[in-house]
Amino acid sequence: MSTQDYLKDITEIKNLMNKSSRFISLSGLSGVLAGVYALFGAGVAYYIVKTSARGYLILDGSIFKLCIAILLGVAVLSVLTGIYLTTKKAKKNGEKIWDRSSKRLILNFLIPLVVGGLYILTTLGHQKYGQTGALMLIFYGLALVNASKYSIGDIRYLGFTEIALGLIAAVFPGYGFWLWVLGFGVMHILYGAIMHFKYD
Amino acid sequence: MSIITNINKLFDHRIRLGIMSVLMVNEHADFNRLKELLGATDGNLASHTKALEKAEYIKIEKQFIGKKPNTKYSTTPLGKAEFKKHINALEKLIHRS
Chain A
1 MSTQDYLKDI TEIKNLMNKS SRFISLSGLS GVLAGVYALF GAGVAYYIVK TSARGYLILD
61 GSIFKLCIAI LLGVAVLSVL TGIYLTTKKA KKNGEKIWDR SSKRLILNFL IPLVVGGLYI
121 LTTLGHQKYG QTGALMLIFY GLALVNASKY SIGDIRYLGF TEIALGLIAA VFPGYGFWLW
181 VLGFGVMHIL YGAIMHFKYD
Chain B
1 MSIITNINKL FDHRIRLGIM SVLMVNEHAD FNRLKELLGA TDGNLASHTK ALEKAEYIKI
61 EKQFIGKKPN TKYSTTPLGK AEFKKHINAL EKLIHRS
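So the protein lines, in turn, are chains A and B.
Going by our numbering, the residue at position 174 of the first sequence is 174; the numbering climbs one at a time, nothing skipped.
Going by our numbering, the residue at position 76 of the second sequence is 76; the numbering climbs one at a time, nothing skipped.
Hints are computed from structural coordinates only; laboratory data are not their basis.
A couple of the hints might just be wrong.
To be verified - Okay, the calculated beta carbon distance ranges per label pair:
no.	chain 1	residue 1	chain 2	residue 2	range
1	B	ARG14	A	TYR46	26 to 36 angstroms
2	A	ASN18	B	LEU78	33 to 43 angstroms
3	A	TYR175	B	ARG14	49 to 59 angstroms
4	A	LEU110	B	PHE64	26 to 36 angstroms
5	A	ASN15	B	PHE64	24 to 34 angstroms
6	A	PHE177	B	LYS85	50 to 60 angstroms
7	A	LEU110	B	ALA55	37 to 47 angstroms
8	A	SER52	B	ASN32	18 to 28 angstroms
9	A	GLN4	B	LEU78	27 to 37 angstroms
10	A	VAL79	B	THR41	48 to 58 angstroms
11	B	PRO77	A	LEU118	46 to 56 angstroms
Claimed, not checked - Computed, partial: chain B to chain A, Cβ under 10 angstroms:
no.	residue
12	LEU10
13	ARG14
14	VAL22
15	LEU23
16	GLU36
17	ALA55
18	LYS62
19	ILE65
20	PRO69
21	THR71
22	LYS85
23	LEU90
Everything numeric in this text was worked out from a predicted model, so none of it was measured.
For every residue, glycine included, the Cβ atom is placed at its ideal position computed from N, Cα and C.
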């Protein structure tokens, strides 16, 4: 066998190891769009709160419910966009959208995320509202770090960034909103764009 | 000379290298998953898994999922060690030339 053959062997081994253990068709563009939705949602919420009679957010008013609705809307829209664009990319890559790799990715992403979500709901039940932004950032970051073992490695760094922003938000709860905007809006656009140009 | 001896004749085939690659990074894989990943035919894959099993590089577990027979493959510690040696030897060969 020649060096060329050995090189081909090594490349093939690497490909198979990645293909069999990681789901690599995550769409970078869907990250960018999720960031855009988050910025838009945050902008609308900010406008509604600032132009309301009080000028700040209280937790049992209709405006609070509206903000929660915007938040859910952003989340649902981001997930749907992600599923659509990732399915398209998987088809192009000849990768199955629903196989062992993608199931493992979703499961490991959801474990920290669901735990975090339940924990946030409990703190809200105890009337502790100041840390919500920080907790969302921290648990989302942990979910990304956990999921990165089963997908494109780059999302690990997005995860670290979100965790760092979350910890800063925990120390300065007054800036929670702006750090949330930075984490869920700007960082998604930034990392999504990097992934888009690197892999798409 | 020592490099050449580390090249393992048993791995000198695309399908066998493929089987070992998949099993190195997954706890186990079943027959259909391997087939799908490697693009091999039933008979071809079966003969190569048998050869690797005979050398005790992989373990075969047969079980039933419902009424369907299911064959699960995983690496043995020996297989893992031999595969690592083989890869190192390949890399040295590439860097030497």
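For each hint, the structure was consulted:
1. ARG14(B) - TYR46(A): 26 to 36 angstroms: Check failed, 58 angstroms falls outside 26 to 36 angstroms.
2. ASN18(A) - LEU78(B): 33 to 43 angstroms: violated (25 angstroms)
3. TYR175(A) - ARG14(B): 49 to 59 angstroms: holds (56 angstroms)
4. LEU110(A) - PHE64(B): 26 to 36 angstroms: holds (30 angstroms)
5. ASN15(A) - PHE64(B): 24 to 34 angstroms: Given a distance of about 32 angstroms, which is inside 24 to 34 angstroms, the answer is holds.
6. PHE177(A) - LYS85(B): 50 to 60 angstroms: Holds: the Cβ-Cβ distance is about 56 angstroms, inside 50 to 60 angstroms.
7. LEU110(A) - ALA55(B): 37 to 47 angstroms: holds (40 angstroms)
8. SER52(A) - ASN32(B): 18 to 28 angstroms: violated (58 angstroms)
9. GLN4(A) - LEU78(B): 27 to 37 angstroms: Holds: the Cβ-Cβ distance is about 30 angstroms, inside 27 to 37 angstroms.
10. VAL79(A) - THR41(B): 48 to 58 angstroms: violated (39 angstroms)
11. PRO77(B) - LEU118(A): 46 to 56 angstroms: violated (40 angstroms)
12. LEU10: violated (14 angstroms)
13. ARG14: Status holds, d = 7 angstroms.
14. VAL22: holds (4 angstroms)
15. LEU23: Cβ of LEU23(B) sits 9 angstroms from chain A, so the hint holds.
16. GLU36: holds (8 angstroms)
17. ALA55: violated (18 angstroms)
18. LYS62: violated (20 angstroms)
19. ILE65: With a closest approach of 14 angstroms, the ILE65(B) hint is violated.
20. PRO69: violated (19 angstroms)
21. THR71: violated (16 angstroms)
22. LYS85: violated (14 angstroms)
23. LEU90: holds (5 angstroms)
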